[in-house]
Amino acid sequence: MAISESEVRHVALLARLALTDEQVRHLAQELSSILDHISEIQQLDLAGVEPTAHPFPIRNVTRPDEVRPGLQRELALLNAPAASDGAFVIPRIVGVEEEA
Amino acid sequence: MASRRIVDMTAAEIREAVARKELSAREAAQAALAQIEALEPQVHAFNQVTPELALAAADRIDAMVAAGDPLPPLAGVPVAIKDNMNLIGTRTTCSARILENYESVYTCTTVQRLLDAGAVPVGKCNMDEFAFGSSTENSAFGPTRNPWDLERVPGGSSGGSAAAVAARMAAVSLGSDTGGSIRQPGALTGTVAVKPTYGRVSRYGLVAFASSLDQIGPFARTVKDAALVLQAIAGKDVMDATSVDEPVADYAGALGEGVEGLRVGLVTDMLAMEGCAGEVRAAVERAASVLAQAGAEVGEVELPMSRHGLSAYYIIGPAEASSNLARFDGIRYGYRVKDAEDVLDLYMRSRAEGFGPETVRRVMLGTYALSSGYYDAYYAQAQKTRTLIIREFADAFERFDVLLTPTTPTVAFKIGEKASDPLAMYLSDVYTIPLNLAGLPGISVPVALCSETGLPIGAQIAARHFDEATMFRVASALEQALGLDMTPPLVREQR
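These protein sequence lines are chains A and B, in that order. Just so you know, our numbering puts 52 at position 52 of the first sequence, and the rest follows in order with no gaps. Quick note: to get our numbering, add 1000 to the position in the second sequence (first position is 1).
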């Protein structure tokens, strides 16, 4: 099960990771060898077997909709790389033309 | 008389001595802090030592003693906490560059329960970055060394928590276990190490790795201490919807009951697995015969589906991790590159510069397994395999009360030995992973010292869901019958 360098680049974009060319080369090899090993489970006959997402059945739990204190704003912003006026500061995400 | 040092006392003994006013909580805390100062330069078990928090907590206990107040069950017991659990007044770094300066803004429920039980926090322990690894070599802040042999790994990912207890820097500690990250370092450091049933202990405030597998549990030097810690932390938490409202048994109370009539299943195909060292196999077989002599009915069982656990785990674990780690994006906390052109550039470079190589590998593997065109071949197949592993255990527990396996295929390996071969590293969790996939509780107890290296060998005891009491009973019987001295040479030399 080989994974190509172009597939690695595609997955890296999905995973939001800016990889160097050297990392891409390495990961193509490493992921291929890991996938080689773990793809053995594709040989198992699992027709009709239900998938398990969680070791026990989970049921929805409801509670009365009451106001309770949450994390204070100062604490929520304590670790912010950049903050101003009680908000996180991030690079512009709206284009200039949309602003006009 | 070579006086027994405070740091050699068990948690139960410290609690008892504090209650009898033979020892103050402050003295116990100072002894632990002095031991950290003495051995930390060699072991590197900690990312942060917290003397102010420790002494303040100890003084509160001493004030209770002075006032004649009833004492909580772990009063004055020094505890170390894996650095993926939030505790106000400490950083929570997960040994990752991206969280290097992250200040906890709330306290993990399980840590809070330990503090409410009177435990004294001495520091935050080193780990594999985001708990990805089996050796603690993947820490962004340098590896932890095994107190039994400083050239070897302590296991991982909770290697710092394991080494701290083995080196007497804390009486007990907390780790987290997603595929073996408590039990495997427990085996490699000669400590008692518990992964409770999934849902037994709250995960609120634990930085998530794989949410359907993660569980917090204790390290200790005796089975009784491990039982006391689990007692203090177990139970439903409204802040963790996956924690389960099942009654918590009196774990320490069950220890003396012996194993008469208990049915123990020795998992023979796991013992026969290629890669399992001869001495490990012999030590586990000897443990089985010790239990038989103590009155247990020992039989043999095979778990052929569990052999596929490793593959299923290295799809499910990374898949869930790739989703959980999406939160580290440089926006709300953590490392952010300075000169981002736009928000995509900010995400991509902050993550690439903030994550270490194993984290990148797991996020890539998980993203790939979940990506369009591969989902059915990997993720869906792994989830179905998981179903069959759960069924196989259910069948085995029809015939047996507990199952006995090695904890790890080998003793502690050398630092660097497996660092360049991810697959070889992954194999060290082959016996522990199936329990995470099935949500079952497991304990690792020391059962021998390797004749060649002098290093500890651990056996794993698995029990039915929420039946930690039986697991502790069997572990205690082994501990009593074997009577091993699990003092690492580093500590012996101090005396």
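Be aware that one or more of the hints could be misleading.
Derived list of chain A stretches under chain B, where covered just means 3 residues or more per stretch with a C-beta under 8 Å from a C-beta of chain B [what the hints assert, rightly or not]: (1) 65-71; (2) 79-87.
Among the chain B residues that face chain A by a calculated CB cut under 8 Å, a handful are [what the hints assert, rightly or not]: (3) S1212; (4) A1312; (5) V1363.
To give an idea of the chain B side of the interface with chain A (calculated C-beta under 7 Å), a few residues [stated by the list, open to error]: (6) Y1333; (7) V1337; (8) D1342; (9) R1349; (10) G1373; (11) Y1375.
Bear in mind the hints are in silico, worked out from the structure with no lab data behind them. Glycine is no exception: its CB is placed at the ideal position from the N, C-alpha and C atoms.
Hints that the structure is at odds with (numbers, increasing): 1, 7, 10, 11
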